[in-house]
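S.K.: 255 is the number that my numbering gives to position 254 of the sequence shown; each next residue is one higher, with no gaps.
Calculated directly from the structure, the hints in this document are not laboratory data. Some hints here could point you the wrong way.
[Said to hold, decoys possible] Here are the simulated BS3-like cross-link-like pairs (lysine-lysine), alpha carbons at most 30 angstroms apart as the crow flies:
(1) Lys183 <-> Lys74
(2) Lys39 <-> Lys183
(3) Lys171 <-> Lys95
Model, not experiment: these values are computed from the prediction.
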Amino acid sequence: MLTKIRLRAVQHASNVCGDIEGFDFNDYDADDIAAVRKFWLQYGVVRFKKAGITDAQQVQFSRHFGEFVIHPKQLQEGGHPTHPEILVISNAMKDGKPSGAMGNSEATWHTDTWFYERPPAGAILRAVAVPPSGGDTYFLSTYIAYDTLPAPLKNAVDGRQIFFQNVYDKTGKLRFGKSTPKSQDFREWSGIVHPLVRTHGETGRKALYLGGTTEGAWIVGMSRDESDALLAELWDHTTNTKHIFVQQWDEGDIMMWDNRCTMHRRDSFDPASIRIMHRTTTSGERPV
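The task is simple: from the sequences and hints, build the whole structure.
M.R.: Structure below.
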């Protein structure tokens, strides 16, 4: 009788990511899923190197981590032809049209769909095709960002809430289903209010919650100038850190991150090269 290989995670020096070893996508059980979940909550980001799984396997694996969230882009150019749970991120063209969403965008630090009432808890991203160079993905921990705040900044964010407009995306395009606002003041637009410091629903740890841009973000109760200045300071503190993990993609790699306590960004790449990623996303709780 074969002895089952025990799962383990090898931590990277960045303190942000762990490589999961010993997981078999063709043969796993509830104990294996529980172990993956434990590592995911522990590190915030985990990686499966060159897993080489199919779309169907990705969907089935993702199902163990919560209900699926459908990204707005999945209702447009990012829809998968046979698996509606998958967001296709691609710069490839088909019949003169993009065959996926966000082909060479999403290049700045952000948390996924921060403008939702209940932002997703997790994302699972698989490399289908990668360029020869470029397109690396960077991850940081917003736990570490909060824990390392100087005392004056910790006091400044304590109990504060942040408003995010949800009318325009980061490229300035109207989001799906939105119309041009009448007011010039984004604080009067449609949006969502979240805590500036959120408490993770499973670990109980505190993390900064900055969303995806300073534009269209406002710390409730402050003047615009005060809010802009504090947000600039918080973004600088969060992103200028040595605790960053850089994922240099190989085909078949899978990155799985906890959207409640991490941020990520991507390097640009030669648009003549093809980069195709398949992402599944799982639901999360309302930030508190």
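S.K.: Now tell me, hint by hint, if it's right for this structure.
M.R.: Right, here's what the structure says about each hint:
1. Straight-line distance between C-alpha atoms of Lys183 and Lys74 comes to about 25 angstroms, which keeps the hinted pair within the 30 angstroms bound.
2. Restraint check for Lys39 and Lys183: not satisfied, since their Cα atoms lie roughly 47 angstroms apart, outside the 30 angstroms limit.
3. Between Lys171 and Lys95, the direct Cα distance comes to roughly 25 angstroms. Compliance with the 30 angstroms bound is thereby established for this hinted pair.
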